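Visitor: The numbering of the sequence shown is our numbering, which starts it at 23 and goes up by one.
Any given hint could be a false lead.
To be verified - With a Cα cut of at most 25 Å, we get these calculated BS3-like pairs of lysine-lysine: (1) 316 <-> 281; (2) 189 <-> 136; (3) 185 <-> 207; (4) 316 <-> 327; (5) 266 <-> 281; (6) 225 <-> 242; (7) 266 <-> 303; (8) 185 <-> 136; (9) 207 <-> 225; (10) 327 <-> 266; (11) 207 <-> 136; (12) 266 <-> 189; (13) 316 <-> 303; (14) 242 <-> 189; (15) 207 <-> 242; (16) 207 <-> 189; (17) 266 <-> 316; (18) 377 <-> 242; (19) 377 <-> 266; (20) 79 <-> 60; (21) 327 <-> 299; (22) 299 <-> 266; (23) 316 <-> 299; (24) 327 <-> 303.
In short, the hints are calculated from the structure, not lab data.
What you are looking at is a predicted structure, and each value in this text was computed from that prediction instead of being measured.
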Amino acid sequence: MRVTTVFNRLMGLPATRVRAVNFQPDQITVTVRLTRQKLECPDCKYSTRASYDQRPKPSRWRHLDMCGRLVVIECSLRRVRCPNHGVRLEAVPFARPGTRVTRDVENLVVWCAKTMDWTATSVLCRVSWRTVNRIIERVVPTTADLSRIEGIVRIGVDEISWKRGHKYLTLVVDHDTGQVIWGAKGRRAVTLEAFFEQLGPDKTAQLEAISMDFGAPYAKATRENAPNAAICLDPFHAVAMATKALDDTRRDQWREMRKVDPDAAKTFKGTRFVLLKNPEKLTDTQTVQIAAIKRAGGRIWRAYKLKEGLRGIYADHTLGFDESVLLLERWIAWAQRSRLPAFVRLARTLRLRFKEVTNAWFYGITNARNEGTHSAIRAIFARAHGFHTAESALSAINLSCGPTTIPGPHPTIVQAA
23 MRVTTVFNRL MGLPATRVRA VNFQPDQITV TVRLTRQKLE CPDCKYSTRA
73 SYDQRPKPSR WRHLDMCGRL VVIECSLRRV RCPNHGVRLE AVPFARPGTR
123 VTRDVENLVV WCAKTMDWTA TSVLCRVSWR TVNRIIERVV PTTADLSRIE
173 GIVRIGVDEI SWKRGHKYLT LVVDHDTGQV IWGAKGRRAV TLEAFFEQLG
223 PDKTAQLEAI SMDFGAPYAK ATRENAPNAA ICLDPFHAVA MATKALDDTR
273 RDQWREMRKV DPDAAKTFKG TRFVLLKNPE KLTDTQTVQI AAIKRAGGRI
323 WRAYKLKEGL RGIYADHTLG FDESVLLLER WIAWAQRSRL PAFVRLARTL
373 RLRFKEVTNA WFYGITNARN EGTHSAIRAI FARAHGFHTA ESALSAINLS
423 CGPTTIPGPH PTIVQAA
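Generate coordinates for the entire structure from the input sequences, incorporating the hints supplied.
Guide: And the structure:
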């Protein structure tokens, strides 16, 4: 059997025939020719038998390694005159347009990048880290499930920081599948408006509920573009706002005590993490500190009871919708009478957006799924050791958390029984 026949069977390149094989100490160069008669434009489906001219130098692509050696495919290509894109180099069936690696190499790199850190991927595949990044940016959009935005009714919108310096991404998660279905750079109202524009008026009208945090931009975009969708403000952020109100009250008290008794202020300052910690997680020493704060009474103890009161309402999953709404109304009235400025402001916010706060109970959705997705995304960021652009970060997110179908590194062979 001739060596060209062996490589034809081993490589299995579509519409391609091996003409020659050149063995070198660290590389195997495989010269091939295309068997199809028609030339195809790489940017569209236009095809023709007419050739514009022949490229003087052969094109080269990196292929999968063989027996520890680099494999390079070499092919002389023709140019085609496309009525839409002008004179272009003809497309090849085994590589994407404008790339220097074959589809098999790209699939291997993407699969490895999804299952291991990118540095290990670059070493295993013998490509640079930046090449891994470029391949992911190029391949992931082509593997995304085009039906990912079909039939969605409940979504969650949240932001995540992808780089230091207040660099954020807006992510949309399908509550029913838990997958990231859309993402974009920024966290303003126009960012989310771009999602609704892509979704279209018909699909936007099908949205029933959208969970989000208390930020104004996302709510503004939702009211203007999806007025029929119920806004569900996330309980986690409501409790976080109460925790911040407690910390603000503690800080004000500490500043006043520092002017009167600096030594007592130092002792009081050390109770910050005790106050912010959930009671069931307190150590014995911290429980004693909480008891001392209770005996002392005053603003700090009242603020602590308010924080725990709101947290208890959200933590009690045995409560029905009507009971939860009634308890929240009572808590808001309690906070308004507390004479604690931070909690009065919080009560005013909850009263102003009361319907959106209670929607989270009525529809039974929160941003908890988003927070779980964020944990997976942060692991992706750590695995990649950061990104230079928002587009790279989004491609990595869609690769691991989006509805993408990545083929395995090797074809599946079904053996007969």
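Visitor: Within a Cα-Cα threshold of 25 Å, do residue 316 and residue 303 meet the stated pairing?
Guide: Within the cut-off at roughly 18 Å; holds.
Visitor: Verify the proposed pairing of residue 207 with residue 242, using a straight-line Cα cut of 25 Å.
Guide: The hint holds at about 18 Å.
Visitor: Is it true that the CA of residue 79 sits at most 25 Å from the CA of residue 60?
Guide: 20 Å, holds
Visitor: Does residue 189 sit within 25 Å of residue 266, going by the straight-line distance between their CA atoms?
Guide: 23 Å, holds
Visitor: Tell me if the straight-line CA distance from residue 316 to residue 281 falls inside 25 Å.
Guide: Roughly 23 Å separates the two Cα atoms, so the pair holds.
Visitor: Hint check: residue 207 vs residue 136, CA-CA at most 25 Å. Holds or violated?
Guide: 22 Å, holds
Visitor: If you draw a straight line from the CA of residue 225 to the CA of residue 242, is it 25 Å or shorter?
Guide: Holds, because 19 Å separates the two Cα atoms, which is no more than 25 Å.
Visitor: Verify the proposed pairing of residue 299 with residue 266, using a straight-line Cα cut of 25 Å.
Guide: OK: residue 299 and residue 266 at ~12 Å, within 25 Å.
Visitor: Holds or violated: are the alpha carbons of residue 266 and residue 316 at most 25 Å from each other?
Guide: 19 Å, holds
Visitor: Quick one, are residue 189 and residue 136 close enough, alpha carbons at most 25 Å?
Guide: Cα-Cα ~23 Å, so holds.
Visitor: For the pair supplied as a hint, residue 266 and residue 303, confirm whether the alpha-carbon distance does not exceed 25 Å.
Guide: Roughly 19 Å separates the two Cα atoms, so the pair holds.
Visitor: Check the hint pairing residue 266 with residue 281 against an upper bound of 25 Å on the C-alpha distance.
Guide: 23 Å, holds
Consistency note: the structure conflicts with none of the earlier hints.
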